[in-house]
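K.L.:
Sequence:
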Amino acid sequence: MRMAGTQAYTPLISPFPLYSSLFISVFLQYLCSSDTRFGNKIHFEVFDHDRMTDDDFIFMTNLDFQEIWKNEIDTWLRPTESNSGSLHIKATCAVLVVWVDAAKNLSEPDTFVRVIVDDVKKESTVRERTKDPVYREGFVFLIRNPWTQKLRLEVIDRRRTERRLGRVEVDLNSVLNEPKLEVRGKEFDLQDSGDEEERATLKLNIILRILKKAATETNERVAVE
Numbered sequence: 001m002r003m004a005g006t007q008a009y010t011p012l013i014s015p016f017p018l019y020s021s022l023f024i025s026v027f028l029q030y031l032c033s034s035d036t037r038f039g040n041k042i043h044f045e046v047f048d049h050d051r052m053t054d055d056d057f058i059f060m061t062n063l064d065f066q067e068i069w070k071n072e073i074d075t076w077l078r079p080t081e082s083n084s085g086s087l088h089i090k091a092t093c094a095v096l097v098v099w100v101d102a103a104k105n106l107s108e109p110d111t112f113v114r115v116i117v118d119d120v121k122k123e124s125t126v127r128e129r130t131k132d133p134v135y136r137e138g139f140v141f142l143i144r145n146p147w148t149q150k151l152r153l154e155v156i157d158r159r160r161t162e163r164r165l166g167r168v169e170v171d172l173n174s175v176l177n178e179p180k181l182e183v184r185g186k187e188f189d190l191q192d193s194g195d196e197e198e199r200a201t202l203k204l205n206i207i208l209r210i211l212k213k214a215a216t217e218t219n220e221r222v223a224v225e
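Going by UniProt numbering, the first residue of the sequence shown is number 1, and it counts up by one from there.
Read the hints as simulated data drawn from the structure, not as lab findings.
These numbers come from a predicted model, not from an experiment.
One thing to keep in mind: the hints can contain errors.
[What the hints assert, rightly or not] Below 35 Å or equal to it, Euclidean Cα-Cα: the simulated DSBU-like pairs (lysine-lysine) are: (1) LYS203 <-> LYS180; (2) LYS186 <-> LYS131; (3) LYS203 <-> LYS122.
[Said to hold, decoys possible] Each pair of labels, with its calculated beta carbon distance range: (4) GLU128 <-> ARG78: 47 to 55 Å; (5) VAL120 <-> ASN177: 19 to 27 Å; (6) PRO109 <-> ARG152: 20 to 28 Å.
Where a beta carbon is used, it is the ideal one built from N, C-alpha and C, also for glycine.
Model the full structure from these sequences, guided by the hints.
P.N.:
Below is the structure:
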């Protein structure tokens, strides 16, 4: 799955019987548009894994991203250009959307924001010659467990070897307790910003969408028919 720079693959599913005595390893490559606000689709590609040669494409299917926002995904997807095969999807993760609006009272100009979830890092563009930068950029992350994962943001001074001017840390578990799983227009104090009297802040929108509410057995999350 590739979503706004985030990429993931399923593990190989082997053995899987096809064509009588043949056994093949199958993996899925997920492809997703980086802009999910206007009804784009998630594209699923199924391949026959081959260790000696290139993987053979089997079929492709897709899911309208608007279906995800209904919070329940448990369905069979038919191929878009073939009559054989189908893909069973049970979504068990979440989508995190982070909108970085603006910062105030920074100690230095020429800054950008680094947004981090686990080992996935994304960066805004640099805003030059201002200590009150307006970023207005959005970032999308796939979340495995919102009850334990954290969102971290760092405001970075580009001119001084990327020195950190302050940081914000948000437990995603706290977003689960918000109405509609949303935090909108909140100004977070930047920790470690240095000035206690005129604290630097970072204004954010944080939106969490659970793809499936009910728990499912791990061996039933994705199946190929």
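K.L.:
Would you mind marking each hint as holding or not holding in the structure?
P.N.:
Here is how each hint holds up against the structure:
1. With a C-alpha separation of about 19 Å, the suggested pairing of LYS203 with LYS180 holds against the 35 Å cut-off.
2. About 19 Å separates the Cα atoms of LYS186 and LYS131, which keeps this hinted pair within 35 Å; it holds.
3. For the hint pairing LYS203 with LYS122, the CA-to-CA distance comes to about 17 Å; that is within 35 Å, so the pair holds.
4. Distance hint check for GLU128 and ARG78: the Cβ-Cβ separation is about 50 Å, which falls inside the suggested range of 47 to 55 Å.
5. Distance hint for VAL120 and ASN177: a CB-CB separation of about 24 Å, consistent with the stated range 19 to 27 Å.
6. Between PRO109 and ARG152, the C-beta spacing of about 23 Å keeps the proposed range 20 to 28 Å intact.
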